[in-house]
Amino acid sequence: MKFIQVIPIFKLSSKLSFLFPLILACILSFTFISQSQGKKIQLSQAQEIQFKNLANNLRCVVCNNESIYQSDTPIANNIRELIRTRIQQGQQPIFIKDYLHKRYGDVILLTPPFNKNTFAFWLIIAIILLFLASVIVLVGYMTIKSKNLKYTLSNDITNNSSNISISDRKKLNKHISNNKMLIILLPMIIFSSVVFLILFVKLEVYTSYKSINSFKININKIQDKEHLSKSFCENPSIELTALLMGKKRKIKVLVDKCLQDYPDNTYVKNLRNTLN
Amino acid sequence: MTYKSKFKIILPVIVIIIIFISLLIFMNHHDKQEKITTKLVYKTLDTPNFSTITPIVNDLIRDQDFHNKVSMLTFLGSWCVACTVELPILKDYVSKSIPIYGLDFDEQSQLDILRWLKIHQAENIFTKISYDNRDTLVIDLGVTGAPESFILNKQGKIVLHVVGIISKELWLTKILPLVNNLKGAD
Numbered sequence: 000m001k002f003i004q005v006i007p008i009f010k011l012s013s014k015l016s017f018l019f020p021l022i023l024a025c026i027l028s029f030t031f032i033s034q035s036q037g038k039k040i041q042l043s044q045a046q047e048i049q050f051k052n053l054a055n056n057l058r059c060v061v062c063n064n065e066s067i068y069q070s071d072t073p074i075a076n077n078i079r080e081l082i083r084t085r086i087q088q089g090q091q092p093i094f095i096k097d098y099l100h101k102r103y104g105d106v107i108l109l110t111p112p113f114n115k116n117t118f119a120f121w122l123i124i125a126i127i128l129l130f131l132a133s134v135i136v137l138v139g140y141m142t143i144k145s146k147n148l149k150y151t152l153s154n155d156i157t158n159n160s161s162n163i164s165i166s167d168r169k170k171l172n173k174h175i176s177n178n179k180m181l182i183i184l185l186p187m188i189i190f191s192s193v194v195f196l197i198l199f200v201k202l203e204v205y206t207s208y209k210s211i212n213s214f215k216i217n218i219n220k221i222q223d224k225e226h227l228s229k230s231f232c233e234n235p236s237i238e239l240t241a242l243l244m245g246k247k248r249k250i251k252v253l254v255d256k257c258l259q260d261y262p263d264n265t266y267v268k269n270l271r272n273t274l275n
Numbered sequence: 000m001t002y003k004s005k006f007k008i009i010l011p012v013i014v015i016i017i018i019f020i021s022l023l024i025f026m027n028h029h030d031k032q033e034k035i036t037t038k039l040v041y042k043t044l045d046t047p048n049f050s051t052i053t054p055i056v057n058d059l060i061r062d063q064d065f066h067n068k069v070s071m072l073t074f075l076g077s078w079c080v081a082c083t084v085e086l087p088i089l090k091d092y093v094s095k096s097i098p099i100y101g102l103d104f105d106e107q108s109q110l111d112i113l114r115w116l117k118i119h120q121a122e123n124i125f126t127k128i129s130y131d132n133r134d135t136l137v138i139d140l141g142v143t144g145a146p147e148s149f150i151l152n153k154q155g156k157i158v159l160h161v162v163g164i165i166s167k168e169l170w171l172t173k174i175l176p177l178v179n180n181l182k183g184a185d
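Top to bottom, those sequences are chains A and B.
In case it helps, numbering that gives the first Met the number 0 puts the first sequence at residues 0 to 275.
In case it helps, numbering that gives the first Met the number 0 puts the second sequence at residues 0 to 185.
There may be inaccurate statements among the hints.
Unchecked claim - So the derived list for chain A, only partly shown, Cβ under 8 Å to chain B, looks like this:
#, residue
1, 61
2, 73
3, 77
4, 78
5, 80
6, 81
7, 102
8, 103
9, 189
10, 190
11, 193
To be verified - Taking CB as the label site, the calculated pair distances span:
#, chain 1, residue 1, chain 2, residue 2, range
12, B, 67, A, 129, 58 to 68 Å
13, B, 59, A, 64, 35 to 45 Å
14, B, 14, A, 63, 26 to 36 Å
15, B, 59, A, 51, 28 to 38 Å
16, B, 182, A, 84, 33 to 43 Å
17, B, 92, A, 47, 42 to 52 Å
18, A, 189, B, 179, 51 to 61 Å
19, B, 15, A, 125, 17 to 27 Å
20, A, 110, B, 50, 28 to 38 Å
21, A, 63, B, 122, 31 to 41 Å
22, A, 138, B, 13, 16 to 26 Å
Stated by the list, open to error - Listed below are several chain B residues computed to face chain A (Cβ distance under 8 Å; list not exhaustive):
#, residue
23, 10
24, 14
25, 17
26, 21
27, 105
28, 118
29, 133
30, 134
31, 138
32, 139
33, 140
34, 141
35, 143
36, 144
Worth flagging that the hints you see were computed from the coordinates, not collected in a lab.
For each residue, glycine too, the CB sits at the ideal point set by N, CA and C.
Hey, can you work out the whole structure from these sequences and the hints?
Pasting the structure below:
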C-alpha cells in the first residue's frame with residue numbers, strides 16, 4: 000500500500016515533465032550571462048552597484064547601441080576591467096565617466112548630452128511631442144466647437160425656421176476657416192519635422208558610428224569587370240579592399256580574376272594571402 | 000466633390016510622398032557618407048605611460064622615443080585587414096619622412112604579428128613594435144579599432160588622430176604638409 004501512495008507523485012511529475020527542459024534552459028542561460036561578465040576583481044556590494052550603474056550607462060564603442068555591461072567584445076571587456084580596478088582603488092564613478100568621455104567623445108554615453116552636435120536630435124523629440132499634442136488639442140477643439148455650433152444652429156432654426164441670420168453665417172464661415180487652418184497646419188508640421196530629420200542625419204551625431212562601420216561598401220559598385228580590373232588590380236583603392244570586411248567569398252573570386260590578369264602584382268598576392 | 004473631401008484623399012498621398020522623398024534623400028546621404036573613410040580629430044593629450052606593454056620588434060617603446068622629433072604611433076593587428084591595405088602606403092611614403100612606432104593589440108598569440116610582418120615583407124617599416132596586453136593604451140588614447148594612427152610633435156604631444164586607413168591622397172594632401180610644418184617648428 001505504501002508503494003501505491005507514491006504513485007500520484009509520479010503522475011504529477013509526468014504531467015509537468017514539459018517544464019523540466021524549460022527550467023534547465025533558464026538555468027543554463029543564467030550561467031551564460033554570468034560567464035560573459037568575467038568577474039576577476041572582487042568588489043564590495045556598494046561598489047558592485049556603482050559599477051553596474053556606470054557600465055549600464057556607457058555604450059560599447061564597437062557595437063551599435065549595446066551597453067558596456069552587456070557587450071562581449073574584447074574592448075568592452077577591457078573597459079569593464081578598467082572600471083573595476085578604478086572603483087576598487089576608490090575613484091568616483093563620475094571621474095571614470097569623465098575620463099572615458101574625454102577619450103571617446105559623446106559616442107560612449109548612452110544618453111546623448113545637449114550640445115551643438117546633438118541639439119537637432121533633442122529638438123526632433125520635442126517637435127514630435129508638440130506635433131502630437133497639437134493634433135490632439137486641435138481635434139478636440141474642432142469637435143467641441145462643431146457640437147456647439149450644431150446646438151446653436153438647431154436652436155436658431157427652431158426660433159426662426161426659414162432664414163439663417165448673419166451671425167450664423169459668420170459662425171459657419173469661421174467653422175470652415177478653422178477646418179482650412181487644420182488642413183494647412185498638418186502638412187506644414189509634417190514637412191518641418193521631416194526637414195529636421197534630414198538635418199539630424201546630416202549632423203555628426205549619426206556619423207560617429209559610420210567612421211567605424213565605414214568599411215562596408217556596396218559590392219554592386221564594382222560589378223563592371225573592366226572597371227574592376229583597372230581600379231582593383233592596378234590601383235587598388237581603400238574602398239575596394241574595405242569590401243573584404245563584409246563579403247569575403249565574392250572578393251575571393253574577384254582577387255583570383257585579378258591574379259590571372261596581373262600575376263606579378265604583390266599587392267593582390269598579399270590580399271589573397273590574408274583571405275586564406 | 001467638395002474641396003474638403005478632395006483634400007481628405009490628397010492629404011495622405013502628400014504625406015506618403017514626403018516620407019518617400021525624405022527616405023530617398025536619407026539613403027543617398029548614407030551612400031555618400033561611406034566614401035569618407037578617415038576622420039580627423041584634434042586632441043592634445045600627453046604621451047601616456049608605456050609601462051604595461053611588452054616588446055615584440057626591437058626594444059620597448061618609451062616616452063623618450065617621442066621627444067625631439069616628429070613621429071607616428073599606429074595601432075595594428077594581424078587580424079586587421081585594413082592594416083594590410085595601409086602597409087604599402089606606410090612603406091613607400093610615411094616611413095621615408097618620419098619614424099613609425101607600432102602598437103599591437105587583441106592578438107591570439109604574440110607571434111601572429113611577426114608572421115604577418117614576414118608575409119608582407121614589412122619588417123623594416125616600423126622602428127619598434129610593442130604589444131598592448133590589457134588594452135590600457137588603447138583605452139587611454141581613445142582607440143576603437145585598427146588602424147588608427149597618431150602624429151606626435153617634437154614635445155611628444157598628439158597633434159592629429161587619424162581613424163581608419165591613411166590613403167596616399169590623405170597623406171600627400173593633409174598629413175605631409177602638417178608634418179613638414181611640425182618639423183620646422185621648435
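The hints, checked one at a time:
no.: 1; hint: 61; result: holds, 6 Å
no.: 2; hint: 73; result: holds, 5 Å
no.: 3; hint: 77; result: holds, 4 Å
no.: 4; hint: 78; result: holds, 6 Å
no.: 5; hint: 80; result: holds, 7 Å
no.: 6; hint: 81; result: holds, 6 Å
no.: 7; hint: 102; result: holds, 3 Å
no.: 8; hint: 103; result: holds, 5 Å
no.: 9; hint: 189; result: holds, 6 Å
no.: 10; hint: 190; result: holds, 6 Å
no.: 11; hint: 193; result: holds, 5 Å
no.: 12; hint: B:67 x A:129: 58 to 68 Å; result: holds, 59 Å
no.: 13; hint: B:59 x A:64: 35 to 45 Å; result: holds, 38 Å
no.: 14; hint: B:14 x A:63: 26 to 36 Å; result: holds, 29 Å
no.: 15; hint: B:59 x A:51: 28 to 38 Å; result: holds, 37 Å
no.: 16; hint: B:182 x A:84: 33 to 43 Å; result: holds, 39 Å
no.: 17; hint: B:92 x A:47: 42 to 52 Å; result: holds, 50 Å
no.: 18; hint: A:189 x B:179: 51 to 61 Å; result: holds, 53 Å
no.: 19; hint: B:15 x A:125: 17 to 27 Å; result: holds, 25 Å
no.: 20; hint: A:110 x B:50: 28 to 38 Å; result: holds, 35 Å
no.: 21; hint: A:63 x B:122: 31 to 41 Å; result: holds, 37 Å
no.: 22; hint: A:138 x B:13: 16 to 26 Å; result: holds, 19 Å
no.: 23; hint: 10; result: holds, 7 Å
no.: 24; hint: 14; result: holds, 6 Å
no.: 25; hint: 17; result: holds, 6 Å
no.: 26; hint: 21; result: holds, 5 Å
no.: 27; hint: 105; result: holds, 5 Å
no.: 28; hint: 118; result: holds, 6 Å
no.: 29; hint: 133; result: holds, 6 Å
no.: 30; hint: 134; result: holds, 4 Å
no.: 31; hint: 138; result: holds, 6 Å
no.: 32; hint: 139; result: holds, 7 Å
no.: 33; hint: 140; result: holds, 7 Å
no.: 34; hint: 141; result: holds, 3 Å
no.: 35; hint: 143; result: holds, 5 Å
no.: 36; hint: 144; result: holds, 7 Å
Consistency with the previously given hints is maintained throughout, with no hint failing.
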